[in-house]
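K.L.:
Sequence:
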Amino acid sequence: MFSSPSNSSFSFSSHSPVYESDYLSPQTPINDKLSLQHTERFTNKPVNVLLHGDSIVHFWIRPTTKGEIAKMYMCPIEVGMVIDEIDQSRQPVAECKKYTSDIWYDFFEINDKPAGAYTLTWTKTTKLSLIYVFEQKTVLREGIRILFISEDAKLPNFEGSYHFRAPFGWINDPSGFNRSKDGLFHLFYQHYPHVKEWNPMHWGHAVSKDLIHWIHLPIFMIPPNLMHLDFENGHFTGSSINLPNGEFAVFWSQRKTLVPRGTVNAEPWSENQKYVATKDLIRPDWTTHKTIIERFPTDHPPLGKSFHDPVVFLGPGGYYYMTVGGERKDGSAGVVLLYKNKNKRADQLDRDWGYQGVLYEDNRDGLRLCECPMLIAMGDPLDANTEWVLSYLSDRGSYPVLGKDPEGRERMNALFVGHFDGKKFVPRFEQKMDFVGESIAYQGFYDQQSGSSFLIGWIRHLGKIDANTGEPDTVGCRDGVTSLTLPKEFVLSENGQYLMVRPLPTLSTLRQKKQPYVIKKGKELHLEKGQAELVFEFNWDNGREETFELNLTPTHTNGKKLEFRIDKNGIELKRTWVTSNKRLVVYNAKPTKMHIFIDLDTVEYFADEGRWSGAIRLPDASQEKRIGTVELKSAPRMLKESNMWYLNYKAHKSTYLQQTGNIIKNGPIKKHKLENHRKKILNWPKKENCKHYIRLDYENDL
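Under my numbering, the residue at position 94 of the sequence shown is numbered 94, and the numbers go up by one with no gaps.
Just so you know, the hints here were simulated from the structure itself, not pulled from any lab data.
Note that the coordinates shown come from a computational prediction; the quantities given were computed from them, not determined experimentally.
Below, a list of computed lysine-lysine pairs in the BS3-like style, where the Cα atoms sit at most 27 Å apart:
1) K290 / K256
2) K574 / K633
3) K561 / K404
4) K529 / K514
Based on the provided sequences and hints, a complete structural model is requested.
P.N.:
So, in structure tokens, the structure goes:
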């Protein structure tokens with residue numbers, strides 16, 4: 001903790017919530033050299049915050065350009081103050097002298113202020129990205145209170161969307177998906193908070209009681225600043241394990257480099273596997289941090305440099321195992337690598353990992369890297385009769401060309417069910433996780449509390465469309481708004497011949513009414529707000545040539561539709577706004593039940609309880625641009641169920657930007673104004689004005 005000479009103190013705690021002790025970025029704590037300069041120009045929109053006894057403030061700043069200095073000031077607000085007094089009472093709390101890059105912001109924490117109302121201001125040479133506040137003792141129940149989000153990181157209006165997304169910035173792979181001993185589900189995820197595009201990977205964090213309603217927590221980890229090396233660094237995808245003391249052991253991949261890119265012939269990086277234990281389930285305890293696997297193993301044939309995405313799990317014999325994604329050096333195949341810990345105790349997983357060999361290898365359809373591999377038990381992991389699910393994502397690894405299957409789909413997520421004895425995985429059958437190919441990077445775990453195997457994935461397409469091809473744009477999209485899939489569970493069919501990747505039954509709690517609307521063939525149904533659940537059940541008359549055809553029409557694609565069809569050839573999905581009109585198919589599939597979830601920017605399909613499933617993202621979607629109508633074009637004669645429910649989802653208050661209106665308009669602050677300000681902050685958000693990122697101005701009330 002550092003204190004300024006003027007009694008205003010800035011704290012960068014020794015148990016920082018996000019930084020490793022040897023990874024501190026070059027921010028400057030408050031010291032004697034940093035004092036208030038009355039000649040400095042300040043922004044005219046301060047942020048007000050009400051602190052409790054244990055409140056912690058997180059914020060990120062950088063200089064606007066090279067040669068400038070970023071400064072943040074804080075002032076307590078007291079009854080009787082006027083604007084001039086606040087200007088003169090500002091105390092410095094943060095300074096950043098080094099401009100690294102437009103995408104790098106230095107992180108600061110304030111954790112020692114007494115309870116009361118404060119105002120935060122910053123100079124015009126300061127680029128502010130994000131401010132939120134939380135209380136250490138109640139954060140798992142109350143979440144963060146977001147006070148400021150830069151325009152670069154704000155999302156479109158997704159009010160009512162029930163798919164999980166970060167409250168600001170970018171999101172991709174789920175990481176560390178688990179359940180703590182108190183019954184809360186924890187979802188960590190790959191995150192960049194400052195703009196809506198992939199950049200140095202942080203770990204976001206949220207908790208839920210039901211896997212549907214989420215509370216957003218402080219950012220869990222921030223990567224080291226390696227921007228001076230022109231390096232794509234980050235805390236990459238990983239996993240977590242429950243510790244005996246109620247905390248998590250967290251595992252992730254880290255890239256390591258020593259020299260700037262371009263100074264040597266080969267790219268100067270390697271990847272290793274990291275460990276840290278949590279503290280209070282919300283921050284890393286960096287005193288426990290270790291590198292547990294330094295580099296990829298020596299193998300024959302030799303392996304390539306890609307070596308990431310560790311998933312740790314309890315398995316046969318009571319040992320802990322780890323899968324890591326890898327590649328053959330010659331580009332001939334992707335591999336899933338297996339490690340085993342010699343200890344049988346979860347609190348000893350920071351050491352003693354031994355390489356067991358290649359668990360699985362695949363080279364179909366140009367696959368060169370098995371990314372995000374996971375091995376999940378379908379029951380008690382200590383039972384020798386338990387079957388396991390192996391899943392991984394097809395990627396290109398170190399090679400420039402991404403492989404495609406015969407239908408032109410890329411980055412498909414393989415899914416195998418088989419037997420794992422601690423040494424080998426023997427598959428019994430295979431199927432696709434997603435026949436569309438847009439949901440990938442799944443992570444799951446066997447939940448001992450419920451006996452279920454839960455999973456969640458990332459819907460990768462960014463929702464932007466290439467102007468020439470109409471195809472989803474997956475590269476270079478600055479406004480890349482993405483989300484995760486619905487929470488799902490693995491369930492083996494009664495005959496044991498296929499795996500159901502099905503949505504959680506508790507999603508039915510989102511239905512507005514118990515009684516559904518009946519969807520009649522040939523009649524359009526209009527969606528009120530863009531969220532709906534559809535269920536169709538039918539029998540096929542094998543003596544007739546019958547089809548099932550459902551059209552979903554967005555409000556902003558000039559009448560072009562999302563066409564879903566089942567006929568004698570199988571399942572087919574078309575996005576008619578795509579120039580190539582590429583068919584997404586499952587050959588010879590003839591399901592008797594369809595379950596469809598429509599959200600603002602996403603549609604997810606589940607045929608026969610998830611035997612075949614797929615997710616697709618709508619282009620450029622928001623509350624205003626969404627699926628507008630549903631039309632059943634044709635159906636088998638034996639249509640037993642054809643129902644639709646409107647869905648109603650209320651996001652937690654930690655999702656929204658909090659109102660922080662100016663508490664001084666004219667004259668000195670009066671006691672009732674300060675109390676009014678306090679109440680408005682604590683009561684936010686109100687049901688009638690619960691909108692994403694809408695700052696309410698209530699100056700007139702003061």
